[in-house]
Each structure stands twice: as structure tokens, then as C-alpha cells.
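K.L.:
Listed below are the residues making up each chain.
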Amino acid sequence: MARRNPSMSGGSAEAPVALALGAARRTVARFPLHVAIIGLMVLWSVPTIALLVSSFREPTAIASSGWWNAIKEPFDLTVGNYQSVLEKQGMARAFVNSIIITVPSTVLVILVAALAAYAFAWMKFPARNLLFLLMVALLVVPVQMTLIPVLRLYTDVTVDAELPLLGGRIFGTSSYVGIWVAHTAYGLPFAIYLLRNFFGSLPRDLFESAYLDGASDVGVFFRIVLPLSMPAISALAIFQFLWVWNDLLVALILLGDPTLAPMTLKITSLVSSFGTNYQVLTAAAFISMALPLFIFFALQRYFVQGILAGAVKG
Amino acid sequence: MARVNFDHVTKRFDNVVAVNDFSLEIPDREFLALVGPSGCGKSTTLRLLAGLEEISEGDIYIGDRLVNNVAAKDRDIAMVFQSYALYPHMSVYDNMAFGLSLRKLPKEDIGHRVHEAAQILGIEDLLKRKPRQLSGGQRQRVALGRAIVRDPAAFLLDEPLSNLDAKLRVQTRAELSKLHQRLGATFIYVTHDQVEAMTMATRIAVMNEGLLQQVGAPQELYDWPDNVFVAGFIGSPSMNFFEAKVAGSQEGMHLDTGIFRVPVPASRVNDLLSYLGKEIIFGIRPENICDPECQPASADAAPVTAQVDVTELMGSEVFLHLVAGGKLFMARVDPRTRARPGQEIRVEFDMGHMHAFDPQTEEAIRSKEKGQPSRGQAG
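Protein chains in written order, with the working numbering: chain A, 1 to 314; chain B, 1001 to 1379.
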């Protein structure tokens, strides 16, 4: 761009034209990119939209015509599928179970990982780096490898007791606490890794300043580290929540009792008992997607930040 | 009450000795500047005092209290960091109140103190802002304010001006001096900039490679450097050094550098008597080399011919980079000088301001009593 020269007459009139031309050129140059991105978005959204539309159609309509027929006249939609799934198939209970399983599993991971990450990042103790290395090494261990040992361990340490909310069993297979602990353990290596890197990037001066101001380690953790780490913690919360919410494998192995089953387990049982009863499956699947979608849209700002943080630091 | 005492303090990081047998007493209300090049241990010394590092050997006292094993927060000191270390998620008010609220002071008391400090620093209208909404100078004030509200026994400042632009730095220097007078507290100020040390400090401690080189009033360090390092570090541009042989006799003593010969003034003859016939390091500051065309010669002026390499005009003066016999040195002369690069000119060394150092120990050669100026009639 030409340098602005106030003494030159006409310069001010030419500048906006040149700017507009430049903007137009850029728009044209980026056109293929925009088309590609929009195309991808449509491609990715269609199955979800199809699922949503189908879940509101009559069983006979699903069997006889494609889902797109439902979004033109006459709008032949029904909420019967949802009624059937929630009332007759016990999906409502499964939804509650999913929440009971997911929320503590997420909170626990954040609590433990944040404390551990603070220690790994800022406290001096013997074998700190070795321990951290071992922790990170756990990231490469597949969950499948651990299933049988964990299951055997759980059957050995089953603790039964009549307590409200916990379904008569405190620990072991078919207990909420057992699956909380399992999910927390599976989530910790990544959580600690993510948070340690984030905590480690906070400037040392802040901690030292807080110590001099009279804060203890606990004070520094709660009043300096946690407020400053909200982006990373939010991102971690979303990752962990989605991971546990969508988990089928761990629940399948460790939750034998069908009354405790989360939605993922319930849907698989619907598949086997109803065969190709799509109308029930579509409604059930959409119910299981609703909460993650809501959370994603509510916290998407942090989600993107978290992905970027991981990308840069990792 | 806020006297600070370092007693043979040593700090080792693995095998590296960062601070080596450091002993220094800092009286109450002093503004002590700790200067030295990067990595000389000055910041480590400050951090040892703050309690951010553990002492390997020796003792540190604040007042009469041994603080070796006292936690940082219980040492009653406040520190201003180079990066300011403001808490980014807190408002200016909360930043300043943080330390007080941790000490469980009543709310009204905190508000009173914060407003008072803000008034001293002129930042009352910024109290609701977040640090990211402040300029560098304003952040620096908040960092100072955070220290002031604590009313500590001693203020530790770790290069607090190095992130400010040149103009603001000069202005803040004066403000810090004023603040020191107003608060009447002990200030310990770490800097690598000898100008900051010279302008603000009541005493300067020069460090190099973990060792304390010299402690004294700024003028004393400038006039009476104890060794080659201090002589070279204090003063800008720094002192010129020449290897020279002490020649002649007690009556007509001179220094022979192999490039030029300059007479030793009568007042310094006694100091150098024992070096007659031996090598010394001869030092002279650029401001003691003048262009005789623009300045009247002093009584001890000694002419030296040199080639002008570069001239740097500073407005009120000109720095001449001179070469004589392959040896580079600098002169700080009157701006009316006609010296131009490439020319051969005659400059005059004011030998009354000469410095002499032992080539082995690099210690200054002079009679022990500093009170007796052995240099001659100034200027």
C-alpha cells in the first residue's frame, strides 16, 4: 500500500477505492475455500439433522420413505417415539443414570488433576519428573487392556451396604462409586498432562508475589491458579464430560445391574431387543445427544481455547 | 528497626556458587542499590533476603531477627518484581488489597490503606481497572502500591524500571527517590544499570561473579573504585585502562604505556613508589581526557597524540573514540571540538584524576585512608 501523504491531493479519494478492490480480490480468492468449508459443514450436519427429523416420524413413514419427505407439506410429525422411549423403555431413568455417572466423574477428575498438576508444576519433591513421566506414559495404555484386571479387582473388593441413592452397593461392580473411580482413573493421565502444562506456563513471579503477600500453597492454588486456569479447566471439563457421557465400554463391563445403566447401554439393549425399530432408536439417540450438544454450545468458546492450548503446548 | 544484615551468606545451585560469602549491613532507612552485570548474583541475593531461595551458608537478619528459617510471608518485606507480577484476574484495588486481606485486616482498614497508597502514587482513578487495561508505567505504580500498603520493614525492588521506556524511566527514578524520602523505609534496589544506582541510592553495593566488590556512597565509588571491575562498571562511558610501567624516580615519576608517556602527579607519587620499575594498570575516565582547544588545561594535564576513530555527538558533549598505538580509548569532550574521524589530534589527560591498579590483584593502588584525597587539584 502506498504511504499516506497529506500534501498529495486526491490521495484520500483513491485510498478507499484501493481498499475496496483489495477486499473484493480477497473475497474472490477465498471463494473456493468458503465453498469447501460450507460443503463439509453440510456433510457433517446431515446425519444429525436426519436423525432429528426421523425421530419425529411415524414408524410406518420411516419404513416407507426417506427422512427428507418429512420436511415438506404435509408435516406429518409425532412425539410418540419420545413418549414410547421415555416411558416404556426406561430411557428417562437411563438419562438420570447418565447424569449420576457423568457429573461426579467429571468433577473428581478436575479436582484431583488440578491438585496433582499444581504439585507437578510448582512444588519441589523427590522424583517429581519421574512420576510425571510415568503419568504421561499411562496415556498410551489402551483402556481395553485394563478392563479384565479392573473387573477382577472390583469383584474382589465389592462392598455392599443399604444406602440411599447408591443402589445398595458402595463399591465394586454395579456400583456408582465404582464407575466414578474407574472413569476418574482413566481420565486422570490426560487431565494432569493438560493442566500441568497450563499451570507451568503461568509466570513464576505471580506465585512468588502471592507467597510474599502471605498466601500459603493452598491459598495460591485457590486464589491465583484456579481463577487464572478457568479456560483450561473448562476445556478439560468438556472433554471429560463428553468422554464419560458417550462411554459404552466401561459401563458395559463394570455396570452389570440394568437399573444403573446409562443411556449408551440402554440404546444398545434397544438395538438388540427391537432389531430395526428405527423410530425408537432415533429418539433414544437424540435424547443422548441433547445434553452434550447443549453443553457444547454453551461452552464452545472455552472448548476452542482448550483445543488451541493443547495444540500449542503439547 | 528495619536494619538488614547479611552475615557471610553463600548460595549454591548444585555446583554453581551464585552468591559467595556475602556480608553487608544495611542500616534502617537506607536506599541501597545492588548493581552488577547479568548473572552476578544480585537478584539471587535479593531473593535470599525475600525468602524465595534457601541460604546454603551464613545468616540473614532483618532487624534483630534471624530469618534463615522464616517463611517469605513472615519476613515483613515487600517485593516489586521486574514483571510487576500483578494478578491478572483481579482489579487494581484487589491486587493492592490481596496481601492485607490474607492478613485478615478489617475491611475499612484495608480500604483506607489502599486509598492512601493510591493517592501517594496518583492511581486513585485506576482502582477498578484490571491490569491488562493499564500502561506499563501504571502497572509499575500498582506494583509499588501493592508494596506500600503492606507497610513493610523493607522494600525489595528487582529491576523495577527495566520494562519502562527511557523517558518514563527517568521520571520514575525521581519519583522513587521521593517515595523513599516520604516513606522513610529501607529500600533495597537491584539493577544492572549503574545510572539508576548512581541517581537514587544512598549507598551502592557492586557485585561480580557472586562476590561483593565494593560498597559505598555513589560518589565514593566513582572517585575511589577499589578495583578494576568497579572502576570499569561505575561511570558511563566506562574508564579507559592501559598497561603501563612506572618509570623514572621519586622526583620525576612517569607512566610508560609503550604508546605514550605521562607524568605521575606529585600527590600520587608516594602511592606508586613501591611499584617503581614494575607494571601497573593505569586508568583514566573519558571525562578526564579533554580537547585543549576547547577547555583550559588543568595543572596536571599531560598531552597525548591519538587518531580519531569515531565521534558520537550527544548534544551537550562529544564522545571521541580514539586510537593510539593500536589501543582504543574514549574521551568525553566539549561539543565545540573540531576533531573529525581520521584526524590526528592532541588530547590532554588530567593526571590529577588518574587511577592505578595492581595488575595481579586488580586492586586499587593507594594509601589506605580514603579521606585523604591523593588526587590533585580538581578540574
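Rather than coming from a laboratory, the hints here were simulated on the basis of the structure. You may find that some hints are simply not true.
Once the Cα atoms are required to be at most 25 Å apart in a straight line, the calculated SDA-like pairs of lysine to any residue come out as [as the list claims (entries may be wrong)]: (1) 1073/B x 96/A; (2) 1130/B x 1075/B; (3) 1073/B x 218/A; (4) 124/A x 1238/B; (5) 1128/B x 1153/B; (6) 1128/B x 53/A; (7) 1178/B x 1115/B; (8) 1245/B x 1216/B; (9) 124/A x 1362/B; (10) 1107/B x 1124/B.
K.L.:
Which of the listed hints are broken here?
P.N.:
Violated hints (numbers, rising): 1, 2, 4, 5, 6, 8, 9; every other hint is consistent with the structure.
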